[in-house]
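Asker: Starting from the known structure of chain A, arrange chain B on it as the hints suggest.
2 protein chains.
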Amino acid sequence: MTTATSRSAVPARAGRKRRDASTEQALLLATDNLLTEKGNIDFSLAEVGARAGLSTALVQYYFGSKHGLLAALLEWSSSRYVSQINGLLAMELSAPEKLQIHLRALVKTYLKTPYIDRLLHHLISSSDDAEAQRISDFYVKRVVEFYRHLIDQGVREGHFRPVDPLHLYFILLGTADHLAARRRLLASALGAADLDMDFVGVFSAALNDMMLNGLRKI
Amino acid sequence: MTTATSRSAVPARAGRKRRDASTEQALLLATDNLLTEKGNIDFSLAEVGARAGLSTALVQYYFGSKHGLLAALLEWSSSRYVSQINGLLAMELSAPEKLQIHLRALVKTYLKTPYIDRLLHHLISSSDDAEAQRISDFYVKRVVEFYRHLIDQGVREGHFRPVDPLHLYFILLGTADHLAARRRLLASALGAADLDMDFVGVFSAALNDMMLNGLRKI
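Line by line, the protein sequences give chains A and B. Under numbering that gives the first Met the number 0, the first residue of the first sequence is numbered 0, with each subsequent residue one higher. Under numbering that gives the first Met the number 0, the first residue of the second sequence is numbered 0, with each subsequent residue one higher.
Just chain A, with the same shape it has in the complex (with noise of 0.2 Å):
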């Protein structure tokens, strides 16, 4: 349990040597169009070495097996966010201002990589329990303290009122997934010229102003 194995799907640099990191970034990045084209999981490594232009062997050397690779894929799609909620934790601002912050990495992070609620999905179902629990203690406990913690300074600041921080997840994470897997599918349905990239900036506004508002303090 406190042994990270190689297929852990948090962050375990140790023990990954004499690796190339163009040639893993390239793996990822064809794993990454993979994914985004076909909305789901059916590929094979062959299919990702070639779309690399690289053997399927250097796909087992890297990332050991699908579960690796797509655990690796989970780290490099959420990393931004992720190094930002530990940032924002330590930094000088109030709690509408992290959350500001907070909210538009989210979007443009969901929006840059819409597979990555199914993928953390996915590898929380496909894992042992051990392994699940630690993927779900990096990507959603994580995310659920750092709402705690947003709303404690709010509350502590007079600006937000007490609000389930489990409760901000699950409208946060499933407002930014359906924005990511449903947008284009509903702009041709809407028939919406406005749900291109500029809907983007306009909604994570619209979104911020939501939220701020609904913690506000009555």
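Source of the hints: derived by calculation from the structure; they are not laboratory data. Misleading hints may appear alongside valid ones.
Covered, in the sense of this in silico footprint (three residues per stretch, anywhere, with C-beta under 8 Å from a C-beta of chain A), are these stretches of chain B [said to hold, decoys possible]:
1) 52 to 63
2) 93 to 101
3) 119 to 126
EDC-like mimics (lysine to aspartate or glutamate), calculated; alpha carbons at most 20 Å apart, straight line [what the hints assert, rightly or not]:
4) A:K111 / A:D197
5) A:K37 / B:E74
6) B:K37 / A:D41
7) B:K111 / B:E74
Note that the structure is predicted; figures quoted are calculated from it, not measured. For glycine and all other residues, C-beta sits at the position ideal for the given N, C-alpha and C.
Answerer: Same frame as chain A, now just chain B:
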């Protein structure tokens, strides 16, 4: 375009004759079970028949094709909140009251049939343009228009500030879908016993507070 085909996902009961409502219901329930159990729509009409204890031919007779079956299932599983939207539009209630009633129905619908959003988007993406448009008009545009009505009414009453109904759509449908699709997985991952059905009532109330507050005129 003006005549609905038999495979239309939009309710069009004309032409469905000599049918037994309880048989149709049994087949829909079997499909509902399969979808909930599998978490995806990779099943055959034979599996539906077997699950219902009826022949595959009967599934074909009632629904024409898998597409027809899925379209009927969407109609069946979303009937609670679709008919409620129509009712609420005509009711003499304030906008906050309408919102509260709608949110409870929305959360209940998604928890009872956690596959509903995936089913909707599968039908939109797998239909021809005209059919996709009909489905979207019935299940997406109608909801967006309901939110437009609700916001307009709330603004007139002095309760709400003007908000884009499309933004509200992404927030509410995203939240409901995430709650439904991820609840069990997240409950075990977070070790949270309180993500059970009690959570539903508590969460509906919290979502309502958050949205009422979020929409409130400042």
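Asker: Does each hint hold? Answer for all of them.
Answerer: The hints, checked one at a time:
Interface restraint, the region 52 to 63 of chain B with chain A: violated (0 residues with C-beta to C-beta distance below 8 Å; minimum three). For the region 93 to 101 of chain B, the stated coverage by chain A is violated: 0 residues have a C-beta nearer than 8 Å to a C-beta of that chain, whereas at least 3 were required. Taking a C-beta to C-beta cut-off of 8 Å, the region 119 to 126 of chain B contributes 3 residues in contact with chain A, enough for the three needed, and the coverage statement holds. For the proposed pair A:K111 and A:D197, the alpha carbon gap of about 14 Å is at most 20 Å, so the pair holds.
Restraint check for A:K37 and B:E74: the C-alpha separation of about 27 Å exceeds 20 Å, so the hint is violated. For the proposed pair B:K37 and A:D41, the alpha carbon gap of about 16 Å is at most 20 Å, so the pair holds. For the hint linking B:K111 to B:E74, the alpha-carbon distance of about 14 Å falls within 20 Å, and the restraint holds.
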